[in-house]
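Chemist: Working from the sequences, and respecting the hints, build out all of it.
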Amino acid sequence: MNGHAQLFPTHTMKIILPDATIQEVPGDPASLLVILDRLGINPAEVIVSRNGKLVPEDAVARGDDEIRIIRIAHGG
Amino acid sequence: MKPGEDAPAGAERCSLCGELPVIRMSGPDRHLCAAHLIADLEERAARTIRERELVRPHDRIAVAFSGGKDSTALLIILSRLLPAWDDVSLVAITVDEGIAGYRDDTIRAAEAVTKKLDIDHVCVSFTDLVGDDLDTLLVGRETQACSVCGILRRKALSQAAHNAGATKIATGHNLDDEAQSVLMNTLRGDLPRLVRTSDADSHDCFIPRIKPLADIAEKEIAAYLFVQDLFPFLPECPYTRHALRAEVRSMLSSLEQKHPGTMRNLIRSKRTIEKQVDRSAISEPLRCCLQCGDPCSGEFCQVCMLRKSLGK
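Protein chains in written order, with my numbering: chain V, 1 to 76; chain S, 1 to 312.
Calculated from the structure, these hints are not laboratory results. Check each hint, because a few of them may be wrong.
Pairs of lysine to aspartate or glutamate residues, derived as EDC-like cross-links and limited to a Cα-Cα distance of at most 16 Å, are as follows [stated by the list, open to error]: (1) Lys53/V to Asp37/V; (2) Lys270/S to Asp177/S; (3) Lys312/S to Asp128/S; (4) Lys270/S to Asp190/S; (5) Lys14/V to Glu66/V; (6) Lys53/V to Glu19/S; (7) Lys258/S to Asp37/V; (8) Lys53/V to Asp19/V; (9) Lys53/V to Asp120/S; (10) Lys270/S to Asp128/S; (11) Lys258/S to Glu57/V; (12) Lys53/V to Glu66/V; (13) Lys168/S to Glu247/S; (14) Lys14/V to Glu24/V; (15) Lys258/S to Glu24/V.
Modeler: Now the structure itself:
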């Protein structure tokens with residue numbers, strides 16, 4: 001990877017939040033724990049899928065991954 | 001891991017095989033793949049049932065089945081354990097409280113699951129019980145939603161379980177629910193409720209209640225369903241925000257994240273207190289409701305007192 005690509009990443013990561021709104025962020029590698037922390041979401045209250053497959057919160061997302069955050073508490 | 005499938009940098013492997021993990025679990029700390037997560041949860045539920053003798057031969061188990069994730073997992077796990085038990089049967093009971101924009105979806109989900117599992121399904125409603133749905137009953141008293149709903153739901157469930165010939169009522173309460181209840185009862189200073197047990201050894205007047213998922217975390221249950229494409233994507237109960245439980249849930253999950261084991265420690269404390277306390281010294285003796293004859297601790301049961309306050 002050259003310096004230009006690092007400065008201007010071409011990948012965009014898509015994050016689908018529990019309320020179904022979508023955030024697009026640069027695709028730099030990041031732990032899901034870091035991503036959840038940035039979003040102010042407690043990892044104990046959600047499960048997370050990466051490209052449709054469930055992953056632990058210490059997994060890493062990168063590139064054009066699609067991350068879906070699912071809130072687990074429904075009540076009743 | 002399948003050939004050609006790259007593990008992303010930083011990813012662990014399943015602690016029991018080479019597959020990619022779907023969950024990180026604590027106590028003990030481990031990563032599990034989908035297959036081992038399913039096996040782990042079903043074995044832990046089976047162990048809870050075995051060690052606490054929650055199911056006996058010839059039991060008819062009424063499963064309190066809302067169609068949400070906990071009761072869906074409970075019904076699936078019990079249906080998978082069923083062949084190993086001697087002459088035990090299941091019936092799923094769904095209580096329709098009458099909550100617009102919420103319960104209709106969960107009832108549809110419940111019907112689909114019971115049909116798929118080929119389990120008897122009974123649906124009862126608050127309208128059948130008291131003549132009105134919950135939304136109507138709560139006009140002007142929304143902050144009491146969970147206590148009103150809880151009282152009526154317990155009554156509707158035990159009545160339906162009785163009518164279905166049930167010998168046990170199984171509920172989907174998980175580890176998080178149990179820890180939240182310990183903290184809520186402590187915050188309310190409600191020692192009788194803190195040490196009250198609803199396990200299979202509870203009083204003869206009631207159909208014994210069992211909680212096979214009481215040792216399994218809510219997140220583990222959600223993951224168990226998700227990896228089998230069974231996670232019910234349903235709306236949140238609109239009354240949840242009024243409940244003390246919502247605040248306690250948020251507080252406890254933050255503590256659990258920072259200090260893994262917090263919830264288990266709370267439950268362990270409760271069990272220690274339970275063993276030490278003389279329940280008869282702190283609880284009212286059971287009597288029969290002067291109105292309906294149901295067992296209760298005062299002159300009237302909670303349902304009859306609620307009916308009176310609602311003018312029903």
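Chemist: With reference to the structure, classify each hint as holding or not holding.
Modeler: Results for each hint:
Distance hint between Lys53/V and Asp37/V is unfulfilled; the C-alpha atoms sit about 21 Å from each other, more than 16 Å. For the suggested pair Lys270/S and Asp177/S, the alpha carbons sit about 13 Å apart, so the restraint of at most 16 Å is met. Proposed proximity of Lys312/S and Asp128/S is supported: the alpha carbons are some 12 Å apart, at most 16 Å. Only pairs whose Cα atoms come within 16 Å are accepted, and Lys270/S paired with Asp190/S is accepted, the gap being roughly 12 Å.
Between Lys14/V and Glu66/V the alpha-carbon distance is near 5 Å, which keeps this suggested pair within the 16 Å criterion. Among the hinted pairs, Lys53/V with Glu19/S is consistent with the structure: their alpha-carbon atoms are about 13 Å apart, no more than 16 Å. The hinted pair formed by Lys258/S and Asp37/V meets the criterion: a straight-line CA distance of about 13 Å does not exceed 16 Å. Of the pairs offered as hints, the one joining Lys53/V and Asp19/V is violated, with about 19 Å between alpha carbons and a cut-off of 16 Å exceeded.
Straight-line distance between C-alpha atoms of Lys53/V and Asp120/S comes to about 33 Å, which puts the hinted pair past the 16 Å bound. Between Lys270/S and Asp128/S the alpha-carbon distance is near 37 Å, which puts this suggested pair outside the 16 Å criterion. For the hint pairing Lys258/S with Glu57/V, the CA-to-CA distance comes to about 14 Å; that is within 16 Å, so the pair holds. Between Lys53/V and Glu66/V, the direct Cα distance comes to roughly 10 Å. Compliance with the 16 Å bound is thereby established for this hinted pair.
For the given pair, Lys168/S sits about 31 Å from Glu247/S by alpha-carbon distance, which is inconsistent with the 16 Å threshold. A threshold of 16 Å between alpha carbons decides the hint, and for Lys14/V with Glu24/V the separation of about 5 Å falls inside it, so the pair holds. Among the hinted pairs, Lys258/S with Glu24/V is inconsistent with the structure: their alpha-carbon atoms are about 28 Å apart, more than 16 Å.
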